[in-house]
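We have chain A already, so just place chain B on it with the hints.
There are 2 protein chains.
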Amino acid sequence: MKREALPGSAAAVVHAPTGVHVLADLSGIAAEKLSDCAQLESLLRASAEAAHARVLFSHFHGFGEGQGVTGVVLLAESHITIHTWPECGFAAADIFMCGNADPKLALTLIESALQPEATHIHTARRGPPR
Amino acid sequence: MKREALPGSAAAVVHAPTGVHVLADLSGIAAEKLSDCAQLESLLRASAEAAHARVLFSHFHGFGEGQGVTGVVLLAESHITIHTWPECGFAAADIFMCGNADPKLALTLIESALQPEATHIHTARRGPPR
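Chains as they are written, first to last, in this note's numbering: chain A, 298 to 427; chain B, 298 to 427.
None of these hints come from the bench; they were simulated from the model.
Careful, some of the hints might be misleading.
What the hints assert, rightly or not - Label pairs and their calculated CB-CB ranges:
#	chain 1	residue 1	chain 2	residue 2	range
1	A	Lys-401	B	Arg-422	19 to 25 Å
2	B	Gly-325	A	Gly-361	25 to 31 Å
3	A	Arg-422	B	Arg-422	18 to 24 Å
4	B	Arg-351	A	Pro-426	18 to 24 Å
In this text, a Cβ means the ideal position worked out from N, Cα and C, and glycines have one as well.
Isolated chain A (complex conformation) (with noise of 0.2 Å):
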């Protein structure tokens, strides 16, 4: 099991290598919150801890003024990332979360807050051969 070393503590959180994935795109989003890196990374933590994930890492990367973004939260739950083109209004997002952690929890926030006219979904498990 993946053990997170806790700071102060020790105990060790168990992750067991099953997980959810969850890929997300997201079209028809104002051009605006696509452009905005420190922006997108505050959203992205604040998914995460939404969805009672441990951040252990973020990192954003703009391309140029009112250009795209991209972006990867690491958690001890796995990751969140997200590939912005406020040219065309549209984010790729993708969501991968084991142990507690919840997927949709993280997606809800981040829809809510970027308003895509249009959503489409893919969810993968992941997993060794059960």
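This is chain B only, laid out in the frame that chain A set:
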């Protein structure tokens, strides 16, 4: 279109918001291949280059001696991530690429290095509604 600002060049590389996302569940891998943070980072960066993708940034987190690793390589063309469970011989990799980058070339290198006994692949097309 997402534009890459290339150093020393006024021309921008444009990637349409359509891509291929490969989710690879790799089982039966020797534990020592799944707990070396630096080695896994090196492998995923090399796999990005093999796929003709441009690496923007990478970050890998080890959970402790002999324990799993979680990491990401952010690309101009999206990302590659991996999460490992050495105690289970399992790794969950995902490779999302747009433009001319080819996820299959990245996956080939990852599989040849990790030598899984079994691989389960799930592929999704990403992008706005057509």
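Consistency of the hints with the structure:
no.	hint	result
1	Lys-401/A with Arg-422/B: 19 to 25 Å	holds (22 Å)
2	Gly-325/B with Gly-361/A: 25 to 31 Å	violated (44 Å)
3	Arg-422/A with Arg-422/B: 18 to 24 Å	holds (19 Å)
4	Arg-351/B with Pro-426/A: 18 to 24 Å	violated (34 Å)
The structure fails to meet hints 2 and 4 from the earlier list, while all remaining hints are met.
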